[in-house]
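Fit chain B to the given chain A structure using the hints.
Chains as they are written, first to last, in numbering that gives the first Met the number 0: chain A, 0 to 541; chain B, 0 to 269.
No lab work stands behind these hints: they were computed from the structure. Hints should not be assumed to be uniformly reliable.
[What the hints assert, rightly or not] Below, computed lysine to aspartate or glutamate pairings styled on EDC-like, alpha-carbon distance capped at 20 Å: (1) B:164 / B:149; (2) B:180 / B:219; (3) A:73 / B:147; (4) B:180 / B:250; (5) B:181 / B:213; (6) A:355 / B:79; (7) B:161 / A:475; (8) A:243 / B:190; (9) A:434 / A:514; (10) B:181 / B:111; (11) B:181 / B:147; (12) B:181 / B:149; (13) B:164 / A:475; (14) A:355 / B:85; (15) A:292 / B:85; (16) A:437 / A:515; (17) A:292 / B:79; (18) B:263 / B:139; (19) B:132 / B:190; (20) B:164 / B:147; (21) B:180 / B:135; (22) A:434 / A:539; (23) A:207 / A:297; (24) B:180 / B:249; (25) A:73 / B:159; (26) B:180 / B:252; (27) B:132 / B:213; (28) B:256 / B:117; (29) A:243 / A:254; (30) A:73 / B:235; (31) A:73 / B:117; (32) A:207 / B:252; (33) A:73 / B:149.
[Claimed, not checked] Away from chain A, derived, C-beta distances all over 12 Å, residues of chain B: (34) 142; (35) 161; (36) 217; (37) 222; (38) 250; (39) 254; (40) 257.
Every residue gets a Cβ at the ideal spot worked out from N, C-alpha and C, and that includes glycine.
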Amino acid sequence: MTTTSSIAHHQPADPVREHHEDELHDDHGPEKGWRRWVFATNHKDIGTMYLLFSLLMFFIGGTMAMVIRAELFKPGLQLVDPMFFNSMTSMHALIMIFGAVMPAFVGLANWMIPLQVGAPDMALPRMNNFSFWILPFAFTLLLGTLFVPGGAPAGGWTMYPPLVLQTGNAFPMLIFAVHLMGASSIMGAINVIVTIMNMRAPGMSLLKMPMFVWSWLITAYLLIAVMPVLAGAVTMLLTDHYFKTTFFEAAGGGDPVMFQHIFWFFGHPEVYIMILPSFGIVSEIIPTFSRKKLFGYDSMVYAIASIAFLSFIVWAHHMFTVGMPLAGQLFFMLATMLIAVPTGVKVFNWTATMFKGSLSFEPPMLFALSFLFLFTIGGFSGLMLAIVPADFQYHDTYFVVAHFHYVLVPGAVFGIMAGVYYWLPKWTGHMYDMKLAKWHFWLSTIFVNVLFFPQHFLGLAGMPRRIPDYNTQFADWNMVSSIGAFGFGLSQLLFAYLIFSSIRGRANASDKVWDDATPHGLEWTLSSPPPYHSFETAPELK
Amino acid sequence: MVKIVKCALAAVLASLPAAAFAAWELNMPVGVTELSRRIHALHMLILWVCVVIAIAVFGVMIYSIVKFRRSQGAVPANFDHSTRAEIVWTVIPIVILVAMAVPAAATLVRIEDTRNSDLTVQVTGYQWRWHYKYLDRNVEFFSSLARESDAARQLGSGVDPKTVKNYLLDVDHPLVVPAGKKVRILLTAGDVIHAWWVPAFGMKKDAIPGFVNEMWFRADQVGIYRGQCAELCGRDHGFMPVVVDVRSQEDFDSWLKTQQDAIKTATAAE
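For reference, chain A alone in the conformation it holds in the complex (with noise of 0.2 Å):
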């Protein structure tokens, strides 16, 4: 109903002055040297800078689980003092949550959903220059506390109150640092949905989006219900630290469990949009590769959006130890199982796409297909987590720091990975080198699972998260995951010369790039790489 009124705007009024503006155009590329950065508007430029820093960041957080995994090697403390390490658990899962996993997929979205909808840019080019370019600041912020007196946060990345107020003079860096990422969050997410909502091609109705373009309308519509409620709780943090406020300490009447309801009200929709894009990638990948339509493509969508629906409810099977009273507990259980019956529907309809389809394994399906085995085990083991007497066991131990790497390392992560080895081609040009990103891909895959699924046997053996030194009993598991640490932090150096040996050029790539396996959607209409415009007159949809 929207597109017929939002392409108004591409019928040239008059012939002769359309005529005109086109010509002004043509010789309208980018800006030479670093004003074509800095100044950028253009949407692939600011998917690349997205891009490559995630890239940077995932280097970052990643050197970090280094440092986890390298004290974790035996018992005993050989490395870090257990303060620097907190810092370093902490500090991993912020840069890994919002530098590395969150701009990952902006920039999958800038880069995508203007060539998978047929519009020129995105909606907002200047908003969507500012929200990059806060993210630096962020980073800069965030990463400069490791050099402040007092170190690093070292509160977890969650942040709980009493024990965030101890941070030193990192805390204030701490929480400007998020107010930073949310705020670029929620413009990036803006601009996602004005443009999905209003630049769609003629033809182009809600049913008919692709679901890469589904997955993020509907987590961008997460992002701005949530972010701004992380906003409100970390200012609350900060006006108890320094303006005598009483919100989480109980001698003034506050109390510091309603942080964890504040934050993981945010926090669960949070791990819902670091997963969601990843469906829409594995959506559009399984059904190329396997030369079949996706199955079920309308419950496809209704189960994201029962998803996204349902995350709201769910917040407090994060902290079923606080001491909830039953009905508050039995709630929560039963609205956390109900989500594995849209996400079942979910894996069962990429199983039924590859069901009698005609199968080849180029390294996008390769990875779309470990995230379909490996986010399924990250599934069931949060199934598991939802029981709540059995959470009274598994909580805050290994088997949950199993359950939540496997969503996100061989789901978000292998997902992101997925749609940069589809797409780069397009991006780029080029063709990456194949035989190289199936190593990648076999490594990657295989280190992932020595590194995490050991972690399961921890946990239920009784080893506490979060700990630098530990007993005796887990030492074994414990050195099996370090080594597959170590194996994984490596692979993904393969993963970045492949990136950049595609950028500086390769064998060029065809405008359909996967000729044999016939993509479809908009994006392989044009180019490789897309013209600076993408789509200057939209396509029409039959």
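Same frame as chain A, but now just chain B:
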């Protein structure tokens, strides 16, 4: 002869819990309380449900990957939905979930029933040690990481943790409770949030400054049970173990009397 066999059997049985905690452990050990056994049973139930679903789902995936390969000349079918299939795989999971929710809810109701306890201990978490106070028994004390572990865990101590007995899981003064009695734990904290956890009792709960949480356990077997703080509480979060010494009623009573006498002597001396 019978005596020797009995002794040997007892020794083997006594070493079993130790073996259950040995390295390369894969699963949650069975605890020593009714609740922990119920929780363990729930854990096994849902684990097996997941395993069965996984075999079915991964089976179809692997079958599709092997069978429908383009390199083997597979030709794609052109169906793209089936309302019947989609209803089936929406309804079946709901049925399974309900079947799992029922025993979970029943166990939860049992866990939350803290009435009719025989002994109440107030547990207060501090950075980084526990304080135990036996309500109406006039006994209280702090419980900190044992000295040997504390020396070994220092950065660059040069001590091999394998040479330290119960490394990081040993304290100076364990909590002593009677076996077979319902012990109610009242949890709070003096500074930041901590969590009190003994895996063999099946439960953990947060200790929150300014608030009091309740939990209970009834240990069937005499023995020493070890756990740790389970909520990040700052620098030495990894170094505040929980150790509970479960004794027979008589041993507990005599222990309690010794403690009370010691306190009386101490106050008299002042």
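Here is what the structure says about each hint:
1. Distance restraint check for residue 164 (chain B) and residue 149 (chain B): the Cα-Cα separation of roughly 12 Å lies within the 20 Å cut-off, and the hinted pair is therefore satisfied.
2. For the suggested pair residue 180 (chain B) and residue 219 (chain B), the alpha carbons sit about 8 Å apart, so the restraint of at most 20 Å is met.
3. Distance hint between residue 73 (chain A) and residue 147 (chain B) is fulfilled; the C-alpha atoms sit about 18 Å from each other, no more than 20 Å.
4. The hinted pair formed by residue 180 (chain B) and residue 250 (chain B) meets the criterion: a straight-line CA distance of about 13 Å does not exceed 20 Å.
5. A threshold of 20 Å between alpha carbons decides the hint, and for residue 181 (chain B) with residue 213 (chain B) the separation of about 13 Å falls inside it, so the pair holds.
6. At roughly 11 Å between alpha-carbon atoms, residue 355 (chain A) and residue 79 (chain B) fall within 20 Å of each other, so this suggested pair holds.
7. Restraint check for residue 161 (chain B) and residue 475 (chain A): the C-alpha separation of about 12 Å stays at or below 20 Å, so the hint holds.
8. Our distance criterion of 20 Å between C-alpha atoms is met by residue 243 (chain A) and residue 190 (chain B), whose separation comes to about 17 Å.
9. With a C-alpha separation of about 18 Å, the suggested pairing of residue 434 (chain A) with residue 514 (chain A) holds against the 20 Å cut-off.
10. In summary, the hint linking residue 181 (chain B) to residue 111 (chain B) is supported, as the alpha carbons are separated by about 13 Å, within the 20 Å threshold.
11. In summary, the hint linking residue 181 (chain B) to residue 147 (chain B) is not supported, as the alpha carbons are separated by about 33 Å, beyond the 20 Å threshold.
12. Among the hinted pairs, residue 181 (chain B) with residue 149 (chain B) is inconsistent with the structure: their alpha-carbon atoms are about 32 Å apart, more than 20 Å.
13. A threshold of 20 Å between alpha carbons decides the hint, and for residue 164 (chain B) with residue 475 (chain A) the separation of about 17 Å falls inside it, so the pair holds.
14. With a C-alpha separation of about 17 Å, the suggested pair residue 355 (chain A) and residue 85 (chain B) falls inside the 20 Å cut-off, and the hint holds.
15. Of the supplied pair hints, the one linking residue 292 (chain A) and residue 85 (chain B) holds, its CA atoms being roughly 16 Å apart against a limit of 20 Å.
16. A distance of roughly 18 Å separates the Cα atoms of residue 437 (chain A) and residue 515 (chain A); the hinted pair therefore holds under the 20 Å criterion.
17. Of the supplied pair hints, the one linking residue 292 (chain A) and residue 79 (chain B) holds, its CA atoms being roughly 6 Å apart against a limit of 20 Å.
18. For the hint linking residue 263 (chain B) to residue 139 (chain B), the alpha-carbon distance of about 12 Å falls within 20 Å, and the restraint holds.
19. A C-alpha spacing of about 17 Å is found between residue 132 (chain B) and residue 190 (chain B), which places the hinted pair at or below 20 Å, so the restraint holds.
20. About 8 Å separates the Cα atoms of residue 164 (chain B) and residue 147 (chain B), which keeps this hinted pair within 20 Å; it holds.
21. With a C-alpha separation of about 16 Å, the suggested pair residue 180 (chain B) and residue 135 (chain B) falls inside the 20 Å cut-off, and the hint holds.
22. Simply put, residue 434 (chain A) and residue 539 (chain A) have alpha-carbon atoms about 37 Å apart, too far for the 20 Å limit, and the pair is violated.
23. About 9 Å separates the Cα atoms of residue 207 (chain A) and residue 297 (chain A), which keeps this hinted pair within 20 Å; it holds.
24. At roughly 12 Å between alpha-carbon atoms, residue 180 (chain B) and residue 249 (chain B) fall within 20 Å of each other, so this suggested pair holds.
25. The suggested pairing of residue 73 (chain A) with residue 159 (chain B) holds, with an alpha-carbon distance near 10 Å, which does not exceed 20 Å.
26. A distance of roughly 13 Å separates the Cα atoms of residue 180 (chain B) and residue 252 (chain B); the hinted pair therefore holds under the 20 Å criterion.
27. Distance restraint check for residue 132 (chain B) and residue 213 (chain B): the Cα-Cα separation of roughly 14 Å lies within the 20 Å cut-off, and the hinted pair is therefore satisfied.
28. For the hint pairing residue 256 (chain B) with residue 117 (chain B), the CA-to-CA distance comes to about 17 Å; that is within 20 Å, so the pair holds.
29. Proximity of residue 243 (chain A) to residue 254 (chain A) is assessed by CA-CA distance (about 15 Å); at most 20 Å being required, the pair is judged to hold.
30. A threshold of 20 Å between alpha carbons decides the hint, and for residue 73 (chain A) with residue 235 (chain B) the separation of about 18 Å falls inside it, so the pair holds.
31. Between residue 73 (chain A) and residue 117 (chain B) the alpha-carbon distance is near 42 Å, which puts this suggested pair outside the 20 Å criterion.
32. A distance of roughly 75 Å separates the Cα atoms of residue 207 (chain A) and residue 252 (chain B); the hinted pair therefore is violated under the 20 Å criterion.
33. At roughly 17 Å between alpha-carbon atoms, residue 73 (chain A) and residue 149 (chain B) fall within 20 Å of each other, so this suggested pair holds.
34. Its beta-carbon lying about 17 Å from the closest one in chain A, residue 142 (chain B) satisfies the requirement of being farther than 12 Å from that chain.
35. Under the 12 Å C-beta cut-off, the non-interface status given to residue 161 (chain B) relative to chain A is violated; the minimum distance is some 5 Å.
36. Every CB of chain A lies more than 12 Å from the CB of residue 217 (chain B), the least distance being 16 Å, so the non-interface label holds.
37. Every CB of chain A lies more than 12 Å from the CB of residue 222 (chain B), the least distance being 16 Å, so the non-interface label holds.
38. Under the 12 Å C-beta cut-off, the non-interface status given to residue 250 (chain B) relative to chain A holds; the minimum distance is some 26 Å.
39. No beta-carbon of chain A is positioned within 12 Å of the beta-carbon of residue 254 (chain B); the least distance is around 26 Å.
40. For residue 257 (chain B), the non-interface assignment is confirmed: its Cβ lies about 30 Å from the closest Cβ of chain A, beyond the 12 Å cut-off.
Hint compliance for this structure: hints 11, 12, 22, 31, 32 and 35 are not met, and every other hint is.
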